[in-house]
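A.B. asks: Once you have looked at the hints, place chain B on chain A.
Number of protein chains: 2
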Amino acid sequence: MSDQKLTPQSEDFNEWYNTLVLRADLADYGPTRGTMIIKPYGWTLWENIKAQLDKRFKATGHVNAGFPMFIPQNFLTKEAQHVEGFAPELAVVTVGGAKELEEPLVVRPTSETMIGHAYAKWIKSYRDLPLLINLWNSVVRWELRTKLFLRTTEFWWQEGHTAHATAEEGEFETRQMLDVYEDFARNEAAIPVIKGRKTEAEKFAGADTTYTIEAMMKDRKALQSGTSHNLGQNFAKAFDIQYLDQNNEQQHCWTTSWGLSTRFIGAIIMTHGDDNGLVLPPRLAPHQVVIVPIYRKDKEKEAVMEAVERLNKALIAADIRVIVDRREGLTPGFKYNDWELRGVPVRMEVGPRDVKKNACALARRDVPGRDGKVFVDQENIAQTVQDLLDDIQASLLARATEFRDSNIVDVSSYDEMKTVIEAGQWARAWWCGNTEDEKKIKEETGATTRCFPFDQPEGDGTCIYTGQPASEVVLFAKAY
Amino acid sequence: MSDQKLTPQSEDFNEWYNTLVLRADLADYGPTRGTMIIKPYGWTLWENIKAQLDKRFKATGHVNAGFPMFIPQNFLTKEAQHVEGFAPELAVVTVGGAKELEEPLVVRPTSETMIGHAYAKWIKSYRDLPLLINLWNSVVRWELRTKLFLRTTEFWWQEGHTAHATAEEGEFETRQMLDVYEDFARNEAAIPVIKGRKTEAEKFAGADTTYTIEAMMKDRKALQSGTSHNLGQNFAKAFDIQYLDQNNEQQHCWTTSWGLSTRFIGAIIMTHGDDNGLVLPPRLAPHQVVIVPIYRKDKEKEAVMEAVERLNKALIAADIRVIVDRREGLTPGFKYNDWELRGVPVRMEVGPRDVKKNACALARRDVPGRDGKVFVDQENIAQTVQDLLDDIQASLLARATEFRDSNIVDVSSYDEMKTVIEAGQWARAWWCGNTEDEKKIKEETGATTRCFPFDQPEGDGTCIYTGQPASEVVLFAKAY
Chain A
13 MSDQKLTPQS
23 EDFNEWYNTL
33 VLRADLADYG
43 PTRGTMIIKP
53 YGWTLWENIK
63 AQLDKRFKAT
73 GHVNAGFPMF
83 IPQNFLTKEA
93 QHVEGFAPEL
103 AVVTVGGAKE
113 LEEPLVVRPT
123 SETMIGHAYA
133 KWIKSYRDLP
143 LLINLWNSVV
153 RWELRTKLFL
163 RTTEFWWQEG
173 HTAHATAEEG
183 EFETRQMLDV
193 YEDFARNEAA
203 IPVIKGRKTE
213 AEKFAGADTT
223 YTIEAMMKDR
233 KALQSGTSHN
243 LGQNFAKAFD
253 IQYLDQNNEQ
263 QHCWTTSWGL
273 STRFIGAIIM
283 THGDDNGLVL
293 PPRLAPHQVV
303 IVPIYRKDKE
313 KEAVMEAVER
323 LNKALIAADI
333 RVIVDRREGL
343 TPGFKYNDWE
353 LRGVPVRMEV
363 GPRDVKKNAC
373 ALARRDVPGR
383 DGKVFVDQEN
393 IAQTVQDLLD
403 DIQASLLARA
413 TEFRDSNIVD
423 VSSYDEMKTV
433 IEAGQWARAW
443 WCGNTEDEKK
453 IKEETGATTR
463 CFPFDQPEGD
473 GTCIYTGQPA
483 SEVVLFAKAY
Chain B
13 MSDQKLTPQS
23 EDFNEWYNTL
33 VLRADLADYG
43 PTRGTMIIKP
53 YGWTLWENIK
63 AQLDKRFKAT
73 GHVNAGFPMF
83 IPQNFLTKEA
93 QHVEGFAPEL
103 AVVTVGGAKE
113 LEEPLVVRPT
123 SETMIGHAYA
133 KWIKSYRDLP
143 LLINLWNSVV
153 RWELRTKLFL
163 RTTEFWWQEG
173 HTAHATAEEG
183 EFETRQMLDV
193 YEDFARNEAA
203 IPVIKGRKTE
213 AEKFAGADTT
223 YTIEAMMKDR
233 KALQSGTSHN
243 LGQNFAKAFD
253 IQYLDQNNEQ
263 QHCWTTSWGL
273 STRFIGAIIM
283 THGDDNGLVL
293 PPRLAPHQVV
303 IVPIYRKDKE
313 KEAVMEAVER
323 LNKALIAADI
333 RVIVDRREGL
343 TPGFKYNDWE
353 LRGVPVRMEV
363 GPRDVKKNAC
373 ALARRDVPGR
383 DGKVFVDQEN
393 IAQTVQDLLD
403 DIQASLLARA
413 TEFRDSNIVD
423 VSSYDEMKTV
433 IEAGQWARAW
443 WCGNTEDEKK
453 IKEETGATTR
463 CFPFDQPEGD
473 GTCIYTGQPA
483 SEVVLFAKAY
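For the protein sequence lines, the chains are A and B, in the order given. Residue numbering for the first sequence follows the numbering used here, starting at 13 and increasing by one per position. Residue numbering for the second sequence follows the numbering used here, starting at 13 and increasing by one per position.
Just so you know, these hints were derived from the structure itself, not from any lab. Honestly, I wouldn't trust all of these hints.
Copies of one chain are not kept apart here, so a pair can be met inside one copy or by any two copies together.
To be verified - Once the Cα atoms are required to be at most 25 Å apart in a straight line, the calculated BS3-like pairs of lysine-lysine come out as:
| hint | residue 1 | residue 2 |
| --- | --- | --- |
| 1 | LYS17 | LYS233 |
| 2 | LYS67 | LYS325 |
| 3 | LYS207 | LYS70 |
| 4 | LYS67 | LYS215 |
| 5 | LYS430 | LYS136 |
This structure is a prediction, so every number in the text was calculated from the model and none was measured.
Isolated chain A (complex conformation):
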């Protein structure tokens, strides 16, 4: 809550973001370097994200469970690539119950190894497959440079872990969950993500293939917003996850894992936010509507509040998430700014003149000023508001899609690619390169490969880096 202006995005996007997260009351820094406190407003946004994802996980046959946060250190070493990827960022418990532990415990950075241990024990026969479990928890990866929601030592997420009888089923699951993420991002968060496959260099430590949804932020940097990993038989072999098939033969399972984290809140902030603050997609917003009563004298107050309570009830009855700003001693103007900062999609103003006309004003957050304000009848208010919320949701998606599409440029040479990246855009290029080339390009341009998008042009082309024939285009961008 404050009437200070935010730093404009165009001036310093980073500063805009860091200030906004604190001022909009989404989160705060924890007392230990790298940690974050998600405040009630941010947590409610996360609860809404969780509800929408959880519904989709359950609709595709998954169930939730609770797994321990402490992983015996030796588990990590069982999958060679996995330990290489995670060893540098582990938090380790060495003392328990006032005694030095014989074997140190790692606070989970992700649970593939713990799941591997359990699945090996639980899965005996083909009848036990597929096993489709999801966990909602927090994980720890040591970070010293904190950026709230985007990079913190501890973050909250879901991690799905599944085991299957065949390679085909594993691949189907991996792709299905990526589709779930894309559907959620597009239809709930109004974020038009690009689905694709990660390069070898960018894939998960221990995966055969990693799929990703990539989003473009308003500063045109890319944000990896969710990933789905086909783990092949890597973890099944490392942890001995076997089943007896219908011919009575032992087979290794095929496993997958997939995750989406509180980082996604960062994606929402940076996809839709503007110089006045957050712009939250109606389907996920903690409050979809704020009602601001306007009055000067006690006599006005009575009539206004009568209408406000009536309108409030009508919206609640229609399952619209509404809050009435009853704070005393603050001007309406102050309240408008405050709720704009917090990104509430619709503001309803009710004053004495509105009451007389049986009307009220509706201001949409995504269209600032007079253009976004209409006066409507109080009759059928719930339907009017719902239509407006739906319109805002659709507008946010359309605007973000247009912004994204106008900032992805097809390039046919490395020089062209460098120019596009320098201009802050994404470059789409034919590419046949390897991990070493990718490293060099990152050093030279600051850009990384985001993914081989599923949506590929027809035919083949020439790799912009090696000049060799290439069968796929890749997206290059600077990224968070």
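C.D. replies: Using the frame of chain A, we list chain B on its own:
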């Protein structure tokens, strides 16, 4: 899943419990001593518990948030009693990002200190009060003797943390949340808990007063099932949580905390379970109804499955949580035992003869054998099933209440009390004793004070231990 019989409760209650938790697929042991994996069936039960509690927390004005699991070690030492209580059972992170940490981090055993730090920063004025936050997370208290759900190193819970302007508001909140727990236990879990106040010896480390709900298990041992603490100004002073009051003067806040954990699942198992397995209260059961199709020939199957699908749809449409047991190659008898073990409140059997009569059989889990089975018409099946579920819910509560009341005995001397405790019952006795006496009684009888129940007899009495006048009765019992 198994057709082996459980050890009867009367033979070895402990063995019955330990086997049942594993066989009913509620939980498994984690790889590290003291840890637990909550499997999907147990976790769904926990999700249902969470939903019911969360609804009540929100209805009383609370909001959720996410706080870091790592607490700087020095935070713990700020409240003297608190650190004394928790120091012996801490897990400590000493290595992060492959480096020895300058200050070790404690994995939260509970979050009063972390909350104290944050609230001191966030609360400035009386306008910021009350602050009513709840956390759903897991906490760690070092345990070597594991008992699934009852005693594990890591367990899941909610912890509410509130700050208030006055002592009265703090006390009101503490009692209100105890009432919420009691209402939840009684009306959702069918557990008739006793509300009361803990003695000085048994209260939370750092609290002025601890209130508790105490439940009687089927072996007549007591289980503390939820607690609510009035922390007075102890943490506010230790962490400097101050606010500017309406007279512009700095005041320390009054804070509370309250928690209910996955231990409550143990309470459900041991309050209602019988020799055939779990008996889950319908309002919390993951599956309220299981439909078992019965057929021999393919021709029978077709007609039976048509009816099963229709009945299944009718129950789903009425928001009844139903599952169809479609497993092939298992006898109906095996399936009955399996779902009895897992405590599903109602089993619906549909066979060829039922189909012809447009009927089906309903067997209630709480009444074994023929007495619990009725044949009903398929018309209005959802209403018939819902009525039966309501009846089961009420019966479970009535039965548990009767069992509890018949096992609490008023005693007027220490000898009498010892006899009652030896017989495995609870003793209600006038008591004016202190912590030292309590310790002696525990050594001599194995019983602890459970609480001073809110429901007190009129007048005063004579303390059974000291012979001094006493103004309150206390409950003594052996406890988990």
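A.B. asks: Run every hint past the structure and note whether it holds.
C.D. replies: Verification of the hints:
1. LYS17 - LYS233: For LYS17 and LYS233, only the intra-copy Cα distance (24 Å) is at most 25 Å; the inter-copy one is 61 Å.
2. LYS67 - LYS325: So LYS67 and LYS325 pass the 25 Å test across copies only (19 Å; inside, 27 Å).
3. LYS207 - LYS70: within (22 Å within a copy, 37 Å between copies)
4. LYS67 - LYS215: Neither way: LYS67 and LYS215 sit 27 Å apart in one copy and 40 Å across, limit 25 Å.
5. LYS430 - LYS136: For LYS430 and LYS136, the Cα distance exceeds 25 Å both inside one copy (53 Å) and across copies (51 Å).
Of the numbered hints listed earlier, those contradicted by the structure are 4, 5.
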